[in-house]
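Enquirer: Listed below are the residues making up each chain.
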Amino acid sequence: MLSDTTRSRLVLAVLVAVALVLLVVDARPGSDPVTSIARNGGELVFAPTAAGVGLVSGPFTRVYEGLSAGPEAADRITELEEANAELESELQAARLDGHRAEKLDDMLHLSGRGAYEVVAAQAVTRTTARGYAHTATLDIGTDSGVEPDMTVVNGDGLVGRVTDAGPRTATVKLATDVNSSVGARLEASRKIGAITGGSVPGGPDADMTLELFDMEAPIDQGDRVVTLGSLEGAPFVPGVPIGTVDEVQVAPGALSRIARITPAVDFSALDVVGVVVKGPAEDPRDSVLPPESDPEGDQ
Amino acid sequence: MRPVVTLLMVAVAVLVQATIVNRLPFDWGPGPDLVLATVVAVALTTSPATAAGCGFAAGLAMDVLPPAEHPMGRYALMLCVAAYVVSLLHANTGLGGSGGGRLSRWAALGVVAVASLGVGLGYAFIGLVMGDAHVTVGAVAVNVGIGTLATTLVAPLVTLPVLAVRSLLAEDDFATIQGPISAGRW
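For the protein sequence lines, the chains are A and B, in the order given.
So that you can map any letter, position 208 of the first sequence is 193 in the working numbering, and since no number is skipped, the others follow by simple counting.
Position in the second sequence counted from 1, then plus 79, gives you the working numbering.
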């Protein structure tokens, strides 16, 4: 019933074989000349298109963010209409620049406190076609000094790390990705652990989960967590705020303590980020954390 | 004329998917897959070999464009096989249209939904084989379910226009009617 010509079957077989070869070649660790040339070619097309879309989409993105707020949508619409009337008098470009400048300012503030040397970038994609990996694409690459295994931050804290960099784009694995693992240190107590994206087996459902290696370490809701830092500052520089402890799980017989972490960064609204091209000479300890805003906090 | 316009439509779908759809901050995870919706429309109006080539090219383009989060070839493989199967079934069994005639609109949407489901599961299966830690039962169920729904919802805006353009540009009145084995014509 499913008849087909030999030539047609041959075409399919060849294409499947090529795809499988590409899969195997590209899945191997390290970079391969063929696939990296192909990716560089891809970004030649991608970078200008993404930049164009960025220019055009600025105003639409704001409306979309307002509408996707959900239950408060009705209030938001009235609010947005008022804001819109107000903003119509302003130039579109100026409005966009102001918004970005604010975020840039926050980020420079953070990098100043930690003595990080950062390169500013904009996140140009957030999801992938099939939605499994938590990644973002940045609009800068090796031309701006970005290399794989560099830390990515924004004004609030840790965003992730660079996994792949082409001349004009870079791929960032967000800290909420299942494959992401970050060495972490509790504020003040200096107890160390690891933060993985998503949930760990046996842990609570979460965006990020902290596994603390010391069973006796005091840990409470509201404790803040910063990056521990890696050797030579790659992939993570020390002292970047990661998040706040939300819920501590006490599991009898477990080898480590598990806590749910609320990320410091709002991953659904990534815009201006910074790639840390040079880490600080000394560990900034807790100095990058913003001052405790809650008077009932631990500090 | 027809091949050029088709190529243009597929290229636009790929770029829109990579730069606009992937940029939207969906709270629920995956967005619609415009590339799949376009490739299915092409596959329904061409021979299996051409459909496989078109699917492979579109999938490879998506693999090559940033973000580089999955190995190259994963999506190309899925779209190539999906386009081939859709085209083969359409040519041989009249799937998506009664009596080998023109497609009904609902049938085309149904084909998009089934293809989206198949590609979603196949993509997850490749991840499973390659040891991708993202592939868990829960994540796959959510991603495939929502992805299929979103793709089917945008299909009337993507698949049907592409089908219409391709039938419009067909050389004669019978060009869209597929025989048991159609000629390898674009």
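Derived from the structure by calculation, the hints contain no laboratory data.
It should be emphasised that the depicted structure is a prediction, and the values quoted were computed from it without experimental measurement.
One should not assume that every hint holds.
Example chain A residues on the side facing chain B (calculated, C-beta under 10 angstroms, incomplete) [to be verified]:
(1) L0
(2) V3
(3) V10
(4) R24
(5) T34
(6) T120
(7) A121
(8) T127
(9) S129
(10) G130
(11) T156
(12) D199
(13) M200
(14) A202
(15) I204
We put the beta carbon where it would ideally sit given N, CA and C, even for glycine.
Enquirer: If a hint holds in the structure, say so; if it doesn't, say that too.
Expert: How the hints compare with the structure:
Interface restraint check: A/L0 against chain B, minimum CB-CB distance 5 angstroms, threshold 10 angstroms, status holds. For A/V3, the interface hint holds, since its Cβ comes within 10 angstroms of a Cβ in chain B; the closest pair sits about 8 angstroms apart. Because the smallest distance between the Cβ of A/V10 and any Cβ of chain B comes to about 8 angstroms, under 10 angstroms, the interface hint for this residue holds. A hinted interface residue such as A/R24 counts as satisfied when its beta carbon comes closer than 10 angstroms to some beta carbon of chain B; here the least separation is about 6 angstroms, so the hint holds.
Checking A/T34 against chain B: minimum C-beta separation of about 5 angstroms stays under 10 angstroms; hint holds. Hint status for A/T120 relative to chain B: holds, with the closest Cβ pair at about 4 angstroms, below 10 angstroms. Residue-level restraint check for A/A121 holds (minimum Cβ-Cβ distance to chain B is 7 angstroms; threshold 10 angstroms). The beta carbon of A/T127 is not positioned within 10 angstroms of any beta carbon in chain B (closest approach about 13 angstroms), and the interface hint is therefore violated.
For A/S129, the shortest C-beta to C-beta distance to chain B is roughly 15 angstroms, which exceeds 10 angstroms, and the interface hint is violated. Checking A/G130 against chain B by beta carbon gives a least distance of about 18 angstroms; that is not within 10 angstroms, so the hint is violated. Annotation: A/T156 was flagged as interfacial toward chain B, and the flag holds, the nearest CB pair being 4 angstroms apart, inside 10 angstroms. With 10 angstroms as the threshold, the beta carbon of A/D199 stays out of range of chain B, its nearest partner Cβ sitting at about 26 angstroms, so the hint is violated.
A cut of 10 angstroms between beta carbons decides the hint on A/M200: the least distance to chain B is about 26 angstroms, and the hint is violated. Annotation: A/A202 was flagged as interfacial toward chain B, and the flag is violated, the nearest CB pair being 27 angstroms apart, outside 10 angstroms. A least Cβ separation of about 26 angstroms between A/I204 and chain B goes past the 10 angstroms threshold, and the interface hint is therefore violated.
Hints 8, 9, 10, 12, 13, 14, 15, counting from the list given before, are not met by this structure.
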